[in-house]
Amino acid sequence: MCPTLLASLPQPAASPLAAVLAAMPYALDLLAVLLLALGLKGLSKVRSARSANGLAALAMALAVVGLLIEQQLSPTAWLWIAGGTAIGGCAGLLLARRVPMTAMPETVALFNGCGGMASLLVAVAVALFQSAPDAALSGAVLVERISIVISVFVGAITFSGSIVAMGKLQGWIDTPGWTQSQVRHAVNIALAVAALVGGLALPADPAGAALWLLVVASSVLGIGVTLPIGGADMPVVISLLNSYSGVAAAAAGFVVGSQLLIVAGAMVGAAGLILTQVMCTAMNRSLVSVLFGGALGASAGGHVGGGGDEAGYTRITSCSAEECAMALETAERVVFVPGYGLAVAQAQHTLRELSKLLEANGTEVSYAIHPVAGRMPGHMNVLLAEADVPYEQLLEMDAINPEFPRTDVVIVLGANDVVNPDAKSDPSSPLFGMPVLEVDQARQVFVVKRSLGAGYAGIKNALFELPQTAMVFGDAKAVLAGLLSELRELGVGKKPASVG
Amino acid sequence: MSSLSQALWVLLLGSLLGLELIGKVPPTLHTPLMSGANAISGITVLASLTLIAQAHGQPALLLLGGASLAFALFNVVGGFVVTDRMLAMFARKSDRR
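Sequence order for the protein chains is P and R. Residue numbers for the first sequence follow our numbering, beginning at 2 and rising by one. Residue numbers for the second sequence follow our numbering, beginning at 306 and rising by one.
Derived from the structure by calculation, the hints contain no laboratory data. As the structure is a prediction and not an experimental result, all values here were calculated from the model. A hint or two may mislead.
What the hints assert, rightly or not - Stretch-level coverage of chain R by chain P, calculated; a stretch enters the list once three of its residues show a Cβ under 8 Å from a Cβ in chain P: (1) 308-321; (2) 347-359; (3) 369-375; (4) 382-389.
Glycine residues also receive a C-beta, built at the ideal position from the N, C-alpha and C atoms.
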């Protein structure tokens, strides 16, 4: 069904106007591809990102307009298009405007799953109603049917996998114990084989039982693969599923014969793969271990402490918010290291309030952002931007690391593995080689944490036992609120002359 | 078969383009980029529209096409709006400077 662009170009028409009109959809398609590419490119720079997003949206609109001009639509078709647009568009708009910034990863997962579902539905519809079962399997027909198989398989995995990912991030779904045993590999392999059988049988009889076997096996496979993965690894999975939805779109492009769809789908598929790779590198994990290693550590999240781990620590100093506040009062330079725990506690606004108070006291405040801080790379920047933290105060790892030796106080908020000095000094550590924030270079370190539970890498953090480190146990938001009131009691920020 | 080979070339070049375009991104923008790329993957909306356009009044096809259109547009509209919301916060910061 793939039309050749050149061959299908309009034949010389009666009037120049008719020729221009007939060529319009092709021009719009080319323009749309160009704008999509420019949009993706622009999204990679802070200054141009917002307009680039608009550009990509414009490209999408142009592509739709081009298609609507090209196809001769009946009134019934218009009616269905209007209905689908009203329902999907309004639901998307409502959700997108209302969802809080902290819930961004699960929102992206939900949107992504629906994109996969759309590709799945198109492929199923074509298989059921537009494929003659007895047609000879010529090249073109075979290509169309293989595309259907890919579109159904990838679309179904994207949908069910994304929904499971969303459920886990929302805390609706736990990690069942049996999924951590080796049984899951057997189950998933069986499902994959079932999907393969369905996929092989489908080209001969697209509307038959093979289609339903493929749909069901792929959907359950998506659940089976995603369910064992721990909450902290979910961002990697979402990024990968995002890549899959691009692949599903490209396959749908083969099914309906749209080159624009193939280009855009391929671009997104490649983009998702790169992003996934970046995340894995920053976490010092391989994609294989994320996908097949199961949840690391005691429990899925990493923010829930496992009691058994506490025995591993011997030289822990803990202190109260009051002592911490006193250190902050006299500090000239303070660095906050926000992590997953801060995102979970939604404490970014309290943090911003605290740093305003310190700035009023003449303290130099900055934030050290590890590439994978938060629940997704870049998520912490979004959360802090929402809390009105000036962009210049957010420092990337390479910029902040040389600054730690001249820093008086570092406050680590719910981060763990990204500040573990073992990653630099202990070759036997599983984290060895991962780039970390060198907070151990600072004069004094306070670690705000709920308990001594291990991070999601499931290992001890040597930072906690250093002489300059003190633990402040508690929920990040509660501790920050405590610090805030202690500092106010000390009169910080009210009388600028009272420093030190 | 020229249309097939052409489509495969399009697939190949599109993939290479994607790899090149996304290669260097500051970590700050990873979440918005993921969300933006996700919105673009809703381009499958074109497949839904083609399906409806070529349904020739078959109710089952119209129904499946309409449902798929709704899912795809949910992805597209929601994705772009949510990305814009995130990026607006960065834009505000650099304007103030």
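Structure-based check of all given hints:
1. 308-321: Held - the segment 308-321 of chain R has 11 residues with a Cβ nearer than 8 Å to chain P, which meets the minimum of three.
2. 347-359: With 13 residues close enough to chain P, the hint holds.
3. 369-375: holds (count 7)
4. 382-389: Answer holds; 8 residues pass the 8 Å Cβ test.
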